[in-house]
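So the sequence lines, in the order shown, correspond to chains Z and F. Each residue of the first sequence is one higher than the one before, counting from 1 in our numbering. Each residue of the second sequence is one higher than the one before, counting from 1 in our numbering.
Bear in mind the hints are in silico, worked out from the structure with no lab data behind them. Keep in mind that a hint or two might mislead.
Identical copies look the same in the list; a pair holds intra-copy or inter-copy alike.
[Unchecked claim] Derived DSSO-like pairs: lysine-lysine, alpha-carbon spacing no greater than 27 angstroms straight-line: (1) Lys135 - Lys23; (2) Lys10 - Lys233; (3) Lys131 - Lys23; (4) Lys273 - Lys309; (5) Lys97 - Lys84; (6) Lys224 - Lys135; (7) Lys321 - Lys252; (8) Lys23 - Lys233; (9) Lys317 - Lys290; (10) Lys84 - Lys96; (11) Lys123 - Lys135; (12) Lys224 - Lys84; (13) Lys286 - Lys224; (14) Lys286 - Lys97; (15) Lys96 - Lys224; (16) Lys10 - Lys131.
There are 2 protein chains.
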Amino acid sequence: MHSIEYLQEKIRQAIENETFTGKPDELYQPIRYILSIGGKRMRPLLTLLACDLFGGDIEEAIYPAIALELFHNFTLIHDDIMDKAPLRRGKETVSKKWNENIAILSGDTILALAYDHLININKNILTDVIKVFNKTAMEVCEGQQFDMNFETQPDVSISDYLNMIRLKTAVLFGTSLKIGAIIAETNAENLEHIYLFGVNMGIAFQLMDDYLDVFGDAKKFGKKTGGDIITNKKTYLYLKAFETADDNTCQKLSMLFNNPGIDNRSKVTAIKKIFLELGIDKATEKEMNKYYELAMLSLDSINEEESRKEILRSFAKKLIKRDH
Amino acid sequence: MHSIEYLQEKIRQAIENETFTGKPDELYQPIRYILSIGGKRMRPLLTLLACDLFGGDIEEAIYPAIALELFHNFTLIHDDIMDKAPLRRGKETVSKKWNENIAILSGDTILALAYDHLININKNILTDVIKVFNKTAMEVCEGQQFDMNFETQPDVSISDYLNMIRLKTAVLFGTSLKIGAIIAETNAENLEHIYLFGVNMGIAFQLMDDYLDVFGDAKKFGKKTGGDIITNKKTYLYLKAFETADDNTCQKLSMLFNNPGIDNRSKVTAIKKIFLELGIDKATEKEMNKYYELAMLSLDSINEEESRKEILRSFAKKLIKRDH
């Protein structure tokens with residue numbers, strides 16, 4: 001089996017070896033740009049890790065692995081248009097650096113490029129791989145649409161929210177792993193377990209992200225905390241707070257979230273204090289741990305030597321317990 | 001062999017039998033909407049015609065045929081955002097009826113749905129089919145980007161323009177046919193000929209569209225003439241006029257195109273008059289006929305009985321000489 005560092009280097013090289021050139025420049029420059037500004041390349045890593053776990057040849061999985069990174073970048077380019085986001089990974093977004101039309105089209109092109117990377121595999125597994133990829137592509141769109149709907153929807157429940165992050169974020173983790181596992185030609189039970197391992201890890205990862213946005217150490221976390229509170233984002237913490245609080249506290253929270261006069265610093269401080277009083281930090285950790293444990297159970301169920309699974313176990317551990 | 005009417009009915013039924021349902025509604029309603037407002041379903045028809053020509057089983061081609069219609073509708077939804085178009089086929093565009101974000105996402109979803117329809121074929125030909133589909137998807141994006149670039153680019157040549165319409169419109173005609181032909185398992189030479197037949201027919205079709213926008217009979221053509229002149233669109237006629245005219249006439253044309261004070265009716269009348277004086281109507285017909293003849297030559301080269309090709313020959317004839 002290969003180390004994470006070795007696989008990451010493989011991915012880095014594979015992306016570097018591709019030119020992503022074509023005409024007109026307005027279409028391909030944004031693609032080279034978004035791939036150049038980094039990212040953790042987590043999804044292709046998961047594909048290679050899963051392929052390696054089941055004894056597959058990672059050389060066969062490298063192109064499909066890159067397909068998953070390309071797909072992820074397609075979602076970033078289009079999401080940044082919809083969110084009117086100026087920055088991504090500390091740099092200008094494609095829609096900001098160029099314009100929205102170029103972002104729509106270069107996003108479309110990178111999606112076609114993703115499919116083009118996916119098909120460099122044995123034809124016996126091609127239908128299965130594209131099928132799972134298509135399903136996930138649609139689910140990720142559904143998740144993003146739910147996320148947009150929630151901005152104006154008054155009655156979002158916690159289960160609505162968990163379903164949204166499952167679709168928007170978690171299924172792509174599961175599918176990245178599953179595609180690596182299909183390439184390694186493991187059995188149907190293992191495919192299901194590795195998929196659920198990824199999905200539950202993905203949900204835990206997003207809950208952790210929500211948690212760190214409020215309670216994280218800004219220095220270690222790498223971005224300013226409180227962003228979700230400032231934008232009134234209906235995160236797990238937000239929804240859990242309204243679910244937990246009495247009428248009086250709910251009213252106080254509503255006033256804080258909906259008062260345009262309050263400055264951001266005071267708003268974050270006041271809401272964070274209420275969250276702590278309500279035990280929302282603990283509740284979020286509990287929920288996150290629930291999904292983390294579910295992920296571990298799925299990993300336990302995989303019919304492979306324990307020693308081979310260790311690398312995914314420690315990857316998930318690092319990912320979820322990353323910083324607090 | 002089957003009649004065009006029979007194949008059109010097959011396509012109509014196949015689309016009608018699909019529900020295109022899912023959650024959230026905001027994502028799937030626009031997909032049902034754009035498919036419900038009609039269109040000529042030309043691309044799936046080409047797929048079935050090509051499959052039939054080479055003796056393939058059209059039942060095997062119906063899903064991929066629908067994929068090409070879905071892909072076409074994906075481009076319409078996204079193009080209408082970029083063009084800020086309020087109407088499509090006489091009805092509100094998705095971006096107008098809902099909003100741009102919903103149009104981006106439902107467009108993305110319909111593209112994934114297109115791929116999902118494409119894979120319902122024999123796995124031996126799957127790689128070839130998806131490869132040609134991917135290439136075309138990228139080319140169509142390139143064509144749209146060139147088209148947008150041309151709006152502000154001062155030095156568009158006629159060959160730039162022909163390349164743009166080849167990418168934006170014509171290759172999808174070629175690919176629709178080629179995919180049907182791959183499913184019928186014909187040989188490589190025939191695949192190339194049927195593809196070029198479609199591409200050249202597509203270029204002729206777009207030139208005819210440019211022509212009819214200026215010289216068509218509004219009633220028969222189904223839309224108001226002069227739209228391209230009003231929006232200063234750099235069509236074949238526009239570019240040919242500037243290429244043909246002397247300095248004096250070029251200046252006159254420039255003034256007419258760039259004068260915001262002139263009313264649309266006078267602008268169209270004056271420019272149409274200059275086009276006629278310059279013989280742009282004849283020149284466009286000549287260029288169109290050139291591509292039409294190229295298409296016919298490709299059809300001639302196909303190694304099949306002449307009687308089997310007749311249906312495609314008369315289809316192309318009707319399409320190009322449709323109304324003037």
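Status of each hint after checking the structure:
| no. | hint | verdict |
| --- | --- | --- |
| 1 | Lys135 - Lys23 | between (30 angstroms within a copy, 13 angstroms between copies) |
| 2 | Lys10 - Lys233 | neither (37 angstroms within a copy, 47 angstroms between copies) |
| 3 | Lys131 - Lys23 | between (30 angstroms within a copy, 19 angstroms between copies) |
| 4 | Lys273 - Lys309 | neither (40 angstroms within a copy, 77 angstroms between copies) |
| 5 | Lys97 - Lys84 | both (12 angstroms within a copy, 20 angstroms between copies) |
| 6 | Lys224 - Lys135 | neither (34 angstroms within a copy, 42 angstroms between copies) |
| 7 | Lys321 - Lys252 | neither (32 angstroms within a copy, 71 angstroms between copies) |
| 8 | Lys23 - Lys233 | between (39 angstroms within a copy, 21 angstroms between copies) |
| 9 | Lys317 - Lys290 | within (13 angstroms within a copy, 66 angstroms between copies) |
| 10 | Lys84 - Lys96 | both (8 angstroms within a copy, 19 angstroms between copies) |
| 11 | Lys123 - Lys135 | both (19 angstroms within a copy, 19 angstroms between copies) |
| 12 | Lys224 - Lys84 | within (19 angstroms within a copy, 36 angstroms between copies) |
| 13 | Lys286 - Lys224 | within (24 angstroms within a copy, 64 angstroms between copies) |
| 14 | Lys286 - Lys97 | neither (40 angstroms within a copy, 43 angstroms between copies) |
| 15 | Lys96 - Lys224 | within (21 angstroms within a copy, 36 angstroms between copies) |
| 16 | Lys10 - Lys131 | both (26 angstroms within a copy, 25 angstroms between copies) |
Hints 2, 4, 6, 7 and 14 from the list above are not met by this structure, while the remaining hints are.
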